[in-house]
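Single-letter residue listing:
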Amino acid sequence: MFKAKKLVATAAILGSGFAAFSTSSAVQAEPVSNSYAIVGSDTLEDVVNAIVNGTAITGSTVRVTINGATLGSFDATGAPYVITKPGGVRFSRPNGSGEGFQALSASIGTSAAADALGNLFTSGTYQNKGESSVSGSGGASMPASLKNININGQVDISRSSSGDPKTTSRASTAADASIVRVPFGRDAIAIVMHPTLADAVCAAESQGTIALGTCVPYLTAAQLMSLYETTSASPTLTINGTSIAFNPVIPQAGSGTRKDFLGKILTGTKDSSNQTSAFLAAETAGYVRTGQEHDAISTAFIAAGTSAIEPMSASRWIAMKNGASYDKSGSAVIGSIYTATTLGVSPVTGTAPALAPATAYYADTTWGRDVYLFVERARIDNTFTAGGTITAGSKYDANLAALLDPTLNNLANAQTTGASKVGKVKLAYGFLAPLVTDLAYYAPSYASKY
Amino acid sequence: MKKNILRAVVVAVGAALLFSIVTPANAAYQSNGSFGAVYLYDTNYALSSSYGWTSEVVGSGSATSSTAVLTCPASATGAYTFLSTAANVATPGSWNASAPIALPGSKNILQPNLSPSAQINGNALGVKTSGGAFALGVACTSNNGVTVLASYFRSITVTASTGAWVATEPSADSTGAYLPTPIITVSTPVTTGAAANRVSGDVYVGDVLTANKATPTVFPSDYTVTYQWKRNGNVIANQTGATYTVLDADGYAKISVDVVYNGVTKTSAQTGMVLGGSAVLMGTIAMSAGVSAIQNGFLQLSIPANAAATFGSASIVNNFSVTTGTLGNIEVNDTRWSSNNGWDLQADVASFVNGGNTIAKNNFGLVPSIVTGSTTATGITAATGTTAGSASYPTAFASGAAGADLGTTGTTVLNAALTLRAPRTAPAGTYTSTVTLTLATK
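Going down the list, the protein sequences come from chains A and B.
Heads up, the first sequence is in our numbering, so the first residue is 214 and it goes up one at a time.
Heads up, the second sequence is in our numbering, so the first residue is 7 and it goes up one at a time.
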């Protein structure tokens, strides 16, 4: 069972800090977790929600619970705030893999007075360590009451579609390797286009038409880079002699899909979010619109009109088309990213409501991607001492370890041998088994968090 | 550039089922009351009956396949996995633990999670702590989980503290203990003629009766069901359908039906008497019989000729000379068949004399008895008799009551025990006397 963390007595830090237990009579939009709380990636939210809330998508009711308690998984978007635990604090909703990782970082460890700042979380591109301005997904409209909230103990697991959401990879022996990455499944990054654009690309590629069901438009990484670093308000590509206009859309900052996609198409010097200055210039200028992950009916995508193109996770596409997820695919058409391996084949096979991952595309080492859950290492690894700072096993939680044990039918299960397996639910949501099953280690977003 | 368009094999996902569903061959009540057999499969989908507390367990309706569904009745609107005592299987409010599961429109439950540790509502941990005997399975419910329509469950024994548990093997209910008793309803009542004023519960000739084989209204499907209608418990030939039209021949009889489920017979209660038939219940038969006059007989006393009482030797008792004997059988014949007046028999005794010596008759005791082996008359009473030393005569000997059954011969055989206790002053010797018996009609 979840162990209650110590209350933070120093509530008066930096103006808007709140004590860990809410005293306001908040109307909560969602139920809280009875045990562990999961936040983060949009890509994984539907499949994890299904697994912890109970789903009959495979024909058998599958629900992961632990020690007689249900878990709580919270969407990446929705009400701008979230409360994850009984009597817990209201804080800004972590949107995407990066913010999930940050929220987990803020939640873990004791709040030593010297690093009380490390417990503060604000949704947005930067962690508010004393800074009053916020940008990114929080934006200028973020109310003060949701900034710099001490969320120690409020998040236990973060979902991530990125293998290294905050670029903090460590060797397992590092003293600050206090977050562990557990493989969850395998997804793939694809592209989606407005049907008008798709038909134009397919025509140029002699592929047939959407109407005939023979159109799977493809672009190479190089072509995509030229679109996402464009210096023009109306970028075009010449495909087999035909000039075609595109309006590129990118998921929001903090999105693991965004970070992965940019990391794979951009070749210049990249920052910690895989952004080149050329890309940032294009986004700032509005040549690349900022939309929402896995949403082909977002404002930005619609505004991009008949030439809209955006990366999207193939698993989300499959889940939406199969009716497992709320369908935000609109009329968009799925396309392929061309490599020597994928050869531009469709990332999916079959027809809805029986779409499935195309194993050849998912197996591509660039565009196929393992997806993960992150968790505090000391809670599932009873040998970790953070370089001698903590007693081995003092934070070990056998229930949390069981939840993330791939040999059990819990969150890390990848078996597809029967309808009662969690892995079978993952397959219905477009995820294959992870290619790499080893654990990996990361430092939290903030120092001295263990 | 060449491009291969893959046409991969479609793996059915989404709302469709991912494995072919096996329907069990025979859903039949189990000896523990379960709606049908449930088999347990482990994490590798291997059949097993023993598990740890947190082991992965799913249920199936087949002993050979883990994907055989458990089918809820068509009227079910919800389903739960549950853990309860045997007595509380049908009482959700008293389940030890449970978890809600999805009930598809098909009502087929596939691979329900029967791990006790997954029963998150209630107190599964209490079961682990205490151990004991429980039912573990799936309940098909209606009324938002309040009413249990049918339960598929295994009887398990949990070891206290470890929570390890073992399930008893499934076995079919061969005695019909859980099969419903059929109810006969009048599905098409006659409303004319004699039946015009019928009330609820009446059965009339011409009614169509239906054997409602299920009560409650759901019971396992797949039973072979046959019927046999009966009249007063006797088979009505060729009446083996689910309905029966009451015949005139059933008038005043009671109808019942045997429903045979998979060879186990359940008998309905009988209806009330069938009304409205043409059969008659009462009439008269004239009788005229002559009676002959009986010749009245007579009353007589039969004493054998030269009858003599027999005595034993005298003996000294309490310094008295006591001599005992028996009178000998005498007969009273009463053949007054028609008047049957009754009679009284009296005995008188003379003094005992030996030459000049006399023993007074009060020293002679006489106790009459009825010789039952030879007596056919009833209503005969032997008198108490007299005691030697204080006897007085004449004394009543026996009587026959007026109106008593004279038997077939009217004969009463009597005897008496005799006692002579001579006064101490009486000289020794042989003394003689006579008993005089007098018979008179009442």
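Don't read these hints as lab results, they were simulated from the structure.
Each residue gets a CB set at the ideal place from its N, CA and C atoms; glycine is no exception.
Among the hints, a few may not be true.
Claimed, not checked - What follows is a set of in silico ranges between Cβ atoms, one per label pair, in the way DEER data are often shown:
(1) A:Ser607 with B:Asp48: 30 to 36 Å
(2) B:Gly58 with A:Ser358: 30 to 36 Å
(3) A:Thr564 with B:Thr83: 29 to 35 Å
To be verified - Going by beta-carbon spacing under 10 Å, a handful of chain A positions derived as facing chain B:
(4) Ala605
(5) Ala627
(6) Gln628
Unchecked claim - Among the chain B residues that face chain A by a calculated CB cut under 10 Å, a handful are:
(7) Gln276
(8) Gly278
(9) Met279
(10) Leu281
Status of the hints after comparison with the structure:
Distance hint for Ser607 (chain A) and Asp48 (chain B): a CB-CB separation of about 34 Å, consistent with the stated range 30 to 36 Å. Taking the beta carbon of each, Gly58 (chain B) and Ser358 (chain A) are about 48 Å apart, not inside 30 to 36 Å as hinted. One distance hint, 29 to 35 Å for the beta-carbon pair Thr564 (chain A) and Thr83 (chain B), holds here, with the actual separation near 32 Å. Taking 10 Å as the C-beta contact cut-off toward chain B, the hint placing Ala605 (chain A) at the interface is violated, the least distance being around 25 Å.
Given hint, Ala627 (chain A) at the interface with chain B, is violated; its Cβ is 14 Å from that chain's nearest Cβ, farther than 10 Å. Annotation: Gln628 (chain A) was flagged as interfacial toward chain B, and the flag holds, the nearest CB pair being 9 Å apart, inside 10 Å. For Gln276 (chain B), the interface hint is violated, since its Cβ never comes within 10 Å of a Cβ in chain A; the closest pair sits about 46 Å apart. Of the supplied interface hints, the one on Gly278 (chain B) is violated, with its beta-carbon coming no nearer than about 49 Å to a beta-carbon of chain A, more than 10 Å.
Hint status for Met279 (chain B) relative to chain A: violated, with the closest Cβ pair at about 54 Å, above 10 Å. Below 10 Å, beta-carbon pairs count as interface contacts, and Leu281 (chain B) has none with chain A, the closest being about 55 Å; its hint is therefore violated.
Checked against the numbered hints given earlier, this structure breaks hints 2, 4, 5, 7, 8, 9, 10; the rest are met.
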